[in-house]
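With the hints as extra help, turn the sequences into a complete structure.
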Amino acid sequence: MKVYTGTGDRGKTSLFSGERIDKSNPRVEAYGDVDELNALIGAILNVLPEGRTTEAEQLEQVLIDLFHVGACLATTSDGQNAAAFTDLPAEKTTWLEKAIDRMDADLPRLTRFVLPMGHPAASACHLARCVCRRAERRVVRVCLETEAQGGDQPYHGIRGYLNRLSDYLFVMARYCNHITGTVERTWGG
Amino acid sequence: MPAPSKAATWSCRLRERRRLTAGTFELRLTRPPGFSYQAGQRIALRTEATERDYTLVSAPADENLAVLVRLIPAGRVTPFLDQAPIGSELLFSGPNGYFCLRPDARPVVMVASGTGIAPFAAMVRAGARPFVLLHGVRTADELYYRAELQPAAKHYVPCLSAKALLPGGAFSGYVTAYLQTRLDPQPCDFYLSGRMEMIRDAMEIIDARFPDARVYTEAFF
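Heads up: the protein sequence lines correspond to chains E and Y, in order.
With the working numbering, letter number 73 in the first sequence gets 73, and the count goes up by one each step, no holes.
Remember, the working numbering sits 1000 above the position in the second sequence when you count from 1.
Calculated from the structure, these hints are not laboratory results.
All figures in this text were calculated on a predicted structure; none of them were measured in a lab.
Yeah, the Cβ is synthetic: ideal placement off N, Cα and C, and Gly gets one too.
Each pair of labels, with its calculated beta carbon distance range:
| no. | chain 1 | residue 1 | chain 2 | residue 2 | range |
| --- | --- | --- | --- | --- | --- |
| 1 | E | 64 | Y | 1148 | 32 to 42 Å |
| 2 | E | 13 | Y | 1063 | 39 to 49 Å |
| 3 | E | 32 | Y | 1023 | 37 to 47 Å |
| 4 | Y | 1021 | E | 43 | 43 to 53 Å |
| 5 | Y | 1048 | E | 110 | 53 to 63 Å |
| 6 | E | 97 | Y | 1015 | 53 to 63 Å |
| 7 | Y | 1063 | E | 36 | 41 to 51 Å |
| 8 | Y | 1023 | E | 5 | 18 to 28 Å |
Looking from chain E toward chain Y, a few residues come up when the C-beta cut is under 7 Å (computed):
| no. | residue |
| --- | --- |
| 9 | 6 |
| 10 | 7 |
| 11 | 12 |
Below, the structure is given as structure tokens:
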């Protein structure tokens, strides 16, 4: 199958639900950020410390979840195909919380702002965390615009998931420094 | 609309090969128990060399499966499908794809080039109504399934690119020329199926003339 189609050369793209929209549309910005985030999750996997099977499996699940998120964002609720990609269930957020708690139990107590640096995996996690926050902001904008147009705010599950995923990535960054014996530097300390 | 799922592998047997033109044929395949799909979805037929996607032209409720094949003499799959003995076992995975018709109040315009008619044949056999169908081919003998599609369509427009005697009701030119000059601008749902060049050119016209349209595409290679 060819990668290029040429149907987007004039600045428009097709949503999965069929609408033709400008590539600057907030919805495209939102799923573009999720795409960027997903690529960074893949990069974390490449630099994760050796032998971290549990964390690697978690990140692979996040890759799959974010693909679903991207497809949801490319599908309007009143458009066709909406039934194929429904919002993430709340259990996905709970799953992240449990993963956060497991790692956090091994970490020194957080008393200061930590600098986003350290082991290569920790740096990659911090970078992904920033993109995750941006993706979340863009999803919120899509939700607010949907509401302003008279619809219900969509993506409750996705918003919760992205919010918790950035927490997960923050804790994962600290965890990667901790298990590799990398000094965690703090702001002002 | 089918939910995304991991495609399973299925085994079937070749039941019948029906020649439609010198270069195209329809294969009828036994339907493996438990295999279900929606009109417009594809299967990936496997050979020892590789696998290729084929949209099912059979309706989901049909006893057998059917695919439309354009022979590519230098290809790695279609010569095998052209010559495989009746009764041969074939493996396929699927169903795949999201090119399915959804109930909607907006007019449906199906646009096909060549064997890109396949998903529309399945949709119409599954009861899709009403719809406008543009089928672009070189000559009238390539208007596959015309006998079934024409009576079911609100408007069925064969678009013939070869300079030849036109059958009644046919348009002389590409489907894109028909979209550009004949179809009234209105909010509608376009389903484009066929060669990527057709899809790209049709999309440009739709963007310009039908700004509120929804567009779904399935590229055939």
